[in-house]
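Asks: What follows is each chain in one-letter form.
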Amino acid sequence: MIEQTLPRLPVESAPAHTIRDWKAMEKKWIPRGLPRCSPGRFYAWLAPWLLLLAIGAYAMYLCFAEGLQHTNMDNRFAFGLWIYLDLTVIALGAGAFFTGFLFYILRWKEMTAVINAAVVLGFICYSSAIAILLVDIGQPLRAWFTFWHPNVHSMLTEVTFCLSCYLTVLAIEYLPVLLKNRKLRQVPLFLVFEYELHRVMPVLAGVGTFLSFFHQGSLGGLYGVLHGRPFAFREALGIWPTTFFLFILSAAAAGPSFVLLMARLTQFLSRKQLVRAEVFAQLGKVSGTLLLFYVLLKTLDTMLWINRIYPQTGFSPYSFYAEPSFGTWVLLLEIIGLGLVPALFLVNPRMREKPWVLTLMAFLACSGVAFNRFVMTVQTLALPTLPFDRFLRYVPSWQEVAAFLAVLAYGVLLYSFSFRYATLFPQERDLRNQ
Amino acid sequence: MKYKGLFLFLSGAGIALVLGWVVFPLALYRTEPQPLSFSHKAHTGQPASMSCDSCHEFAEDGRFLGIPVVDQCAVCHAEPVGKTAGEKRLVEEFVKPKREIPWKVYSRQPDNAWFSHTTHVKKGALKCEECHGDHGQSESLRPYQVNRISGYSRDIWGPNISGIPSQPRLDMKMDRCLGCHAEKNMSQGCISCHK
Amino acid sequence: MSNRITRRNLFQLAGGSALGMLLSPVPWKLLDDSAIWTQNWSLTPKLPRGPISIRNSHCTLCPGGCGIAARCVGGHPYGLRGTGQHPVNSGFLCAVGLAGHHYAYHPLRIDAPCRFTGREEDSRLIPASLEALLSEMSGSRNSTGGSRPGGSIAILDSRPGRSVSQAYQEMLSRIPGSVYLTPPSNEESTLEEIRQISGVDGWGFDFENTHTILSFGAPLLDGWGTPGRIARRFFHRSPKELILIQAESYRSRTAVQASRWLALRPGTEAVLAMALAQVLLQDGLCPTDIPVRVADWQEFKELAFRLPIAAAAEKTGLPVSAIVEVAHALAGSSSIVLGGCDPGGGPLDRTASRAIACLNILLGNIDQPGGIISRREAPGVGLHSPRGLPLSDVADHSIRWMIIDSAASGYSFPLSLLQHKLMHDKGRIVCLSPYMTPIAAYADYIIPTPAHLESLEEVGTPPGAPASSWGLSAPLLPRTAQSVDPLDLIPKMSEALGFPGGPNTSRQELLKQRAAAIMAARQGTVFHPGKGAAVKVSTRTGTGDFWNLLLEGGCWVDDPTPPRPATRFTMLGKEQPWRERLTARLEQPGPSPDQLVLMPVGWKNATSSGSVPPMISKLFQESDCRSLAGTVLAHPDTAASAGISSEGKVRLQTRSGEMEADLKLDPALMPGVLHGAVGPCVNQAQTLRQAPAEGLLALCPVEEDGSWRITPAQMKKA
Amino acid sequence: MEQKNKARYGMVVDLDRCTGCGNCMMACAVENNLAPAEKKANDRTGITWMRVYAMNNGKAFPAAETVFVPMACQQCDKETPCIAVCPQNAVDRDPGSGIVGQVPQRCLGCRYCMTACPYHARYFNWSDPSWPAGMEKALNPDVAPRMRGVAEKCNFCHGRWHAARARAAAQGRSEPDPADYIPACVESCPSRAILFGNLDDAGSEVAKACQEGNCFRFLARLDTESKVYYRSAKPWVREMAEGNRMPSGKDGNLS
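Chains as they are written, first to last, in the working numbering: chain A, 1 to 434; chain B, 1001 to 1195; chain C, 2001 to 2718; chain D, 3001 to 3255.
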């Protein structure tokens, strides 16, 4: 049936024995002992994502060839959907560094169940962030100027350096996951390489944690240092504005939730149990604890902001929430609805036991971080600064949306391939045998 | 053939190095002919013994007029001086129809660089030779090479493809400007020299 | 076995090559060069190179007569500024003039004779030849005989008083029944009425010495006359105090700068003027010699008292006290009462202009320092007076050939005015224009003339100037091959119409003759742009010298004209037609409060010149400076009364038709008034094929008094 | 030692004199090789180093009042928002003139500076700038045209500054003659609403004017110490400008 829906795949037009051969060959790439769907079904699942990827690639081509006039960003809304996407995927990708930190540094052995998945997710998030950044900047051919002529005072320099370094780290961390593939293991060099990589993994995890710590923070600092934008500006602790720390904390909190959520989603889609319930609960607990801590600090920060920065900059305390579409509900939703609520549920052991609660709360925690990044990007720019300014609106163009979806599709594709041909969830085999 | 692997590795490296250091520069630069042959030496040496600024003039408002216009050539070359074919061409193709000679300028900086010769020569007391080398003593115009990608004259990058400056320095990239400015405690601000 | 190349060997080779590449300049140099390429690519234009020089000339975009100094690279202008110390514009230009050197590259530049196939929207632009025009002209001679009364051949001259204008007039003088027309004039309407009242020609405003100005909506600080002259009087460190009272329906740019703003209801200018006259008479504020000098004193006095002040106050929407105060302020010092209105709205109606002129006479402003002073014409005007017949005064449907010369934008008057004058079916319009404008798009033949700064032109006395002046606009740019000098076209047209032997002097010759005439009169001074100072003409020796100085941007300015002996005035005209018109105006009931009126608004500098430079789009599209054509502004209450609560597309309807417009809410406007922004069309995506349209002006019918500034309208949501 | 703060150029804009004629914008656009507005360009996408805004008192007829506010880069002196954020040093404060200089050829187009600027005085090239055919011949040879994908802004007519310095060098002076260095907007303003000069030269017109009581800076409380001052005798203008946003119906402040 699936074969019929895919008349265009070259495989289908080939003689029957070729297809058989191909199927057999494909099977050899799948890790031993892991049942996977038929290749036809697998590639049918990929087709729509490939289509999205193609549309997005065309949109990106338009931006490269003709400039960013294809976006709906403008001089006042200079950051848009893409920067929001960058901030969000990097926050969610924090699952990689934080799980690595728990596993390699704090030696939480149970994290071995999700560490591979976390690394792959991290790699996807970071590589897509870099890809979208290259489309987003006006002159990608000059992107290396940041390395050659860096301005050490700029948060973006910090972000660029850490991001590219950490992507390299993630790529190295990702390699052993791939190299464990049974076909690739046949190459002796790869086997040695993989073994060596494993030995340096704790070092890499340490480096990754350090880098992540800085760029997650710098992404927060990105807005916190804008003293021309009182909505985003925060006072500094040392050289870093408070958003620096809030972003680290919120990313660390959302990361495990995102890993949890993705593992759940994979279980749901593959209709298999992949990870033991205790691991999920453990992830939920970590996420919830950090989130609670974050909510506390965020509240404190908000109070300071209202009582110190507002009056100093001559803006009336409520002017930032005067627009009906961005009322005070924004603040309440961010801190309570998508912060305190999931945090309280997640720290409660009884609640954690219910899978649907755990999943829902992990979802809320991730949404909370995404919403925070949305507010920091969009509301900061929408709010007026000059007395004759007006509240601005911005709706992304189809090219921006297409590129956004292409990144999503890229993530799905890479994740699907990794799930099929690599061992993302080591417990899967045991759970199946039980 | 114990060292076959090493041999292959080294030969790969060797081929790449030859391609990179020898073939690449040849491919990167395109040589363009100058419209006329010109001897600076014939003008600066005996008997003409002209100084640089007798042709490369400074205007009253501090602008440097650069390559002289054909009218300036016409002061001496209204009629062919000597009997060479080049002289004949100069007079017939350029001087008489008052057509500007399309010289290719070795040291042409891009449009975004502001360089005031007046400031450097009059205030900074730099000699022409310090940047332009012994161009003023040359017997003929060397081939003009243009970078196929960037469109710059090769003189900007300097003769050494590695980018490591030769002594005396012949490159004209920004770091040379900045080095000298830092040495002499002159402005380091971007728009001091960028327009 | 060992000689076989394995996969492993290939990896080794590739690894070595990769290392070698990294150690070679290739990746690093490519990285550098590709980055430089983005700084240097051909998508960004290369800068011009060459010696820098300054060339002086004059701007001919409007009659303002501003001196321009062009910074040139290799002789090619790249920036304009006002000539420093210039006697006419004091070194300042308007925003349009500042980009005057861009006109030559106008995207709507016409490079060959052409025409549209029809007046419909889908009509096509097709080539037309000069020969076709001339043969159709000579063909028409047989059918009409070229002698229809009411003028079968008309030339509409937007810039009267030039040497070319003389040539036009000379040609027409030999063709019976032809007529020389001038477009409606906005800035000199008060002076024109004074000319008629006094029977004496040649007046100017002595702003430089005046103390009080009452302006009826004249956009004094928005391009009026010569902007640099007005700006100098208002803003440059000057010891003389100046009170400006601006009577206008909204707080315009001028009103903002004024000492006092009178929020006058539109259309009640004559009522206010007569009420002020009444106060002057009542309180004995007129100079004693005025009743003696006015022939119809009693009649006028009667008329002034016709409407009680209180009634006038109600009609105008002003408090009685304001009227009394303004009258006293005007009488208390040297003053000027100036009529005008927003340039988009064309001239003030003649009835109001007449009342305003009368007010000046009552105040004794005529021939007083700081009032309206005598101004003799520049020497050498010759046989023909520069004054033509106003376009609105020609009989309807009487013109067979309408030739429109220079600077006609199509935004300075509604095309319907032109349309009504043309003969049915047979009427033809020939437009001489370098660019496609609404009026050119409307024409049957478009003949390309040299663009701004491409040909030798002259600049005469600017509107309202206190003394005559004359200068040359030496070309700064080369002419294009296809452009036609109107002066070369005149003899050909004359011949085609059956009157051969037209003027055959070259442009330069004609202008040289004029210069010689000025030189011969040995009066006035000539400004030397290089020195930034003027010398007396009588001290300059040679005519050639004078000519060269003019070519280099020199400007001749006449000496002050001595006052004329006590001029006599007939306020209401010889047959007193104005008594009736003024009476009607005074007794006209005010508009009903729920009746919306549409007032076209525009910007003089942009609507008076044939087209606008491409760069002007910045002001219209990217700043709050100007409203784009097709925008209609209204008070939120006005919109609410029409059932509209938000900005967006609306439909406007008047008795001329219906049109879509962009509504912008502006609480600063008087309720009940719609401001419709007319011209120019600045959209850079325009092509010659899609000619700019007349816009909201098409909704404004020309009234009997020749004005079109107030039209009852309806607005509804689109 | 020689280069330390020779000058600190600044402006004083008298809003009471501004008639909103647009000369400053046009002179600026012509001087600095800006391209005419694109077909769909508007006040959010267009590039105008100098832009005239209208600011109103929020009242209705006849009490409505509007002032025009010409706004270019405010040349902030203290913790200049755009300098600190640029990742590759494409913006700096020139030590010899105090001018906050933008070098588009260094810019990679991340637009972080634009989000940092509270004055919206920075502009991005959303597409390749294009001129009508032939108009490149009329470009100012002293200002480099920009390419797509980079930010740009007012540099106080640095082309004129360069020319003035070269002239000074030719005449053997170390500092440009103030009469030689006048930005295009200042030169073209018919109502002389803009004063320009060295704020550190106590004798200059600007240095005196910026000390006067009517003088203020936009968003002064953000403490960026901009070198573009404004002045107005109208209290409502000063109050609004200093950051105390007034409740006006459309902006809908809660008060």
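Hints may be right or wrong, so weigh each one.
What the hints assert, rightly or not - If you anchor each label on the Cβ, the simulated ranges turn out as follows: (1) C:F2011 - B:G1133: 40 to 50 Å; (2) C:F2011 - B:A1125: 42 to 52 Å; (3) C:E2509 - B:L1036: 38 to 48 Å; (4) B:E1060 - C:S2129: 43 to 53 Å; (5) B:L1036 - C:F2011: 23 to 33 Å; (6) C:G2074 - B:K1083: 51 to 61 Å; (7) A:A47 - D:A3054: 46 to 56 Å; (8) B:G1014 - A:Q186: 39 to 49 Å; (9) C:P2048 - B:S1140: 26 to 36 Å; (10) C:R2004 - A:P426: 54 to 64 Å; (11) C:S2641 - D:A3054: 16 to 26 Å; (12) C:F2011 - A:L304: 57 to 67 Å.
Unchecked claim - Taking lysine to aspartate or glutamate pairs in the EDC-like style, the calculated list, with each CA pair at most 20 Å apart, reads: (13) C:K2531 - D:D3128; (14) B:K1173 - C:D2032; (15) D:K3040 - C:D2662; (16) C:K2301 - C:D2032; (17) D:K3059 - C:E2580; (18) B:K1122 - D:D3128; (19) D:K3137 - C:D2624; (20) C:K2046 - D:D3128; (21) B:K1123 - D:D3128.
No lab work stands behind these hints, which were simulated from the structure alone. Note that the Cβ used here is the ideal one computed from N, Cα and C, for glycine as well.
Asks: The structure should be examined with respect to each hint, and the outcome stated for every one.
Replies: Outcome of the hint check:
no., hint, result
1, C:F2011 - B:G1133: 40 to 50 Å, "holds (47 Å)"
2, C:F2011 - B:A1125: 42 to 52 Å, "violated (60 Å)"
3, C:E2509 - B:L1036: 38 to 48 Å, "holds (43 Å)"
4, B:E1060 - C:S2129: 43 to 53 Å, "holds (51 Å)"
5, B:L1036 - C:F2011: 23 to 33 Å, "violated (55 Å)"
6, C:G2074 - B:K1083: 51 to 61 Å, "violated (33 Å)"
7, A:A47 - D:A3054: 46 to 56 Å, "holds (54 Å)"
8, B:G1014 - A:Q186: 39 to 49 Å, "violated (31 Å)"
9, C:P2048 - B:S1140: 26 to 36 Å, "holds (30 Å)"
10, C:R2004 - A:P426: 54 to 64 Å, "violated (39 Å)"
11, C:S2641 - D:A3054: 16 to 26 Å, "holds (25 Å)"
12, C:F2011 - A:L304: 57 to 67 Å, "holds (58 Å)"
13, C:K2531 - D:D3128, "violated (43 Å)"
14, B:K1173 - C:D2032, "holds (12 Å)"
15, D:K3040 - C:D2662, "holds (16 Å)"
16, C:K2301 - C:D2032, "violated (86 Å)"
17, D:K3059 - C:E2580, "violated (41 Å)"
18, B:K1122 - D:D3128, "violated (39 Å)"
19, D:K3137 - C:D2624, "violated (30 Å)"
20, C:K2046 - D:D3128, "holds (14 Å)"
21, B:K1123 - D:D3128, "violated (39 Å)"
Hints 2, 5, 6, 8, 10, 13, 16, 17, 18, 19, 21, counting from the list given before, are not met by this structure.
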